[in-house]
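Chemist: Chains as they are written, first to last, in our numbering: chain U, 1 to 182; chain Y, 1 to 276.
Errors might be hidden in some of the hints.
[To be verified] Chain Y residues, not near chain U, derived (Cβ > 12 Å throughout):
1. Met1
2. Ile29
3. Asp46
4. Lys73
5. Lys198
[Unchecked claim] Short, incomplete list of chain Y residues facing chain U, as computed with Cβ under 8 Å:
6. Lys18
7. Ser21
8. Asp22
9. Asp245
Bear in mind the hints are in silico, worked out from the structure with no lab data behind them. Treat the numbers as computed from the prediction; the structure is a model and nothing was measured. Glycine included, C-beta positions come from ideal geometry on N, C-alpha and C.
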Amino acid sequence: MNRLFRLLLTLNATLLLVIVFFVQNTYTLGHFFPGNSWFVNLPHFVSYVLYFAIPVLLTGTSILLSPLLGKDEFKKGDIISIEHANNSFLPSYLGYFFVALSIANWESLLFVYGVLFIFTYKSQALYFNPLFLLFGFEFYNVKTLKGTTVFLISRNNYRYPDEVEIEKAFRINNYTFIERSK
Amino acid sequence: MDYVFAKIKGKAKKSIFKLLSDNSLFDIIKVDLKHCIPYSPDHNLDEDSWYKIENFTSKDFCLDYLKEQFDSKDFDELNKDQFNKISYIFSTQGDDFYFQKITSSLFIHKKMIVFGEVAEIEKSNNRLIINELPDAIFITKSNTIIFKSLATISAIFKGIDILYKEATNQEVDDFLKSPFINIKGGYGVDVVSKPNRKRIALVVNTLSTMSDEDKADMHNYINEYCEDKIKYDESSLQYEISTDDELKYLLYGIEQRFYTTPFSKEKRLANSVIAI
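Bound conformation, chain U alone (with noise of 0.2 Å):
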């Protein structure tokens, strides 16, 4: 189960590569499906918004899926420090859409997603995707009183760390923790 929710936000993460050689390339639903008539005479922006509801709908899904993951209890007094880290990712993910804006072809672009699939499964810590910030979480790099930092998305505004008490948060995986309830 918790390889296959990994996999899953490991996607969600990275299909917006795939998305941004589409739009480059004007790969729009009528150039998969020239004999649909209907899918040709789209606009190119709505298909583009459809490509971009497909990572929207699968990070609401495993979003809905994570009280399935282990959980953990964020107790007042258990943490030390916190940090907001909304935009500390922001910069790996440009980096993202200026190689997907430079591939030529299918495939280099099955080549470098997939390396990047691979790299982004493994690192374990860029399993958190922009997407969140759509359904309104926060990103946090937490302390512990004993001095692991972890990161947790939440939906709460957290300031200081004796506000972080959660009752149920759940593990994406060790170093990541996911914060549902407001």
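Model the placement of chain Y on the given structure of chain U, informed by the hints.
Modeler: Below, chain Y without anything else, positioned relative to chain U:
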């Protein structure tokens, strides 16, 4: 929230992993600590009682994670391939820690018939039996650990067997050379049983605190109760010891385990004692 953690055998850097969350393994055990018995190798535990060691976190054999604020987030989750390397598990229930030692016999590797809607055969190879009672419970609030058998938990709390003192070969040898013992029939250090070694460790202490007068009286006392058990030579003031059993009675005698009931005047031996 309650969790279950597992300790893995071997010398890996990380040895404690999270196994389950939002689950506990054992029924909450309510024990009145006042009625638990401070551990003493001299005592045979009643079925319904527990030994206790108080002020546990100050002991050398206490586990590090019991000494500090425990946080599940500091521990990784256990991988499936490490399942058969578990040496013990513990369940955090409320503020307390319930321990169970894991031996290979607790893993089930058998075919089983499972009765559900229809019976079906199940070949389980990764199942672990949880005992009804934990082997030890650490009660955080009172900083006390309670347990039933020191031998069982010595695999969990390394070094705790220091409390279960067994005399070394040297100590046994020294004891057998005491002036009041006359060894016969090839009896010697190599054949002294484990329980007797334990008793010797205690007796050495007792003897060292005994006055010479008491020691002289002791022989009369032992002789009174053990006339048929141990041969006592009054001229040389020596006991003849040729078997483990004889040694046992002598050791019981030195520990003053023999007594006579005040009303029925029955002679008895206390094989377990507790100071009141």
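Chemist: With reference to the structure, classify each hint as holding or not holding.
Modeler: Verification of the supplied hints:
1. The claim that Met1 of chain Y lies off the interface is violated: its Cβ sits roughly 4 Å from the closest Cβ of chain U, which falls inside the 12 Å cut-off.
2. At the 12 Å boundary, the C-beta of Ile29 of chain Y stays outside the reach of chain U, the nearest C-beta of that chain being 22 Å off.
3. Listed as outside the interface, Asp46 of chain Y is consistent with that label: its C-beta sits roughly 38 Å from the nearest C-beta of chain U, beyond the 12 Å cut-off.
4. Some Cβ of chain U comes within 12 Å of the Cβ of Lys73 of chain Y; the nearest lies about 5 Å off, and the non-interface call is violated.
5. Look at Lys198 of chain Y: its CB is around 40 Å from the nearest CB on chain U, clear of 12 Å, so calling it non-interface holds up.
6. Interface hint status for Lys18 of chain Y: upheld, as the beta-carbon distance to the closest one in chain U is roughly 7 Å, under 8 Å.
7. A hinted interface residue such as Ser21 of chain Y counts as satisfied when its beta carbon comes closer than 8 Å to some beta carbon of chain U; here the least separation is about 4 Å, so the hint holds.
8. With a least beta-carbon distance of about 5 Å to chain U, the hint placing Asp22 of chain Y at the interface is held under the 8 Å criterion.
9. Taken as an interface hint, Asp245 of chain Y does not check out: its beta carbon lies about 54 Å from the nearest beta carbon of chain U, beyond 8 Å.
Of the numbered hints stated above, those contradicted by the structure are hints 1, 4, 9, listed in ascending order.
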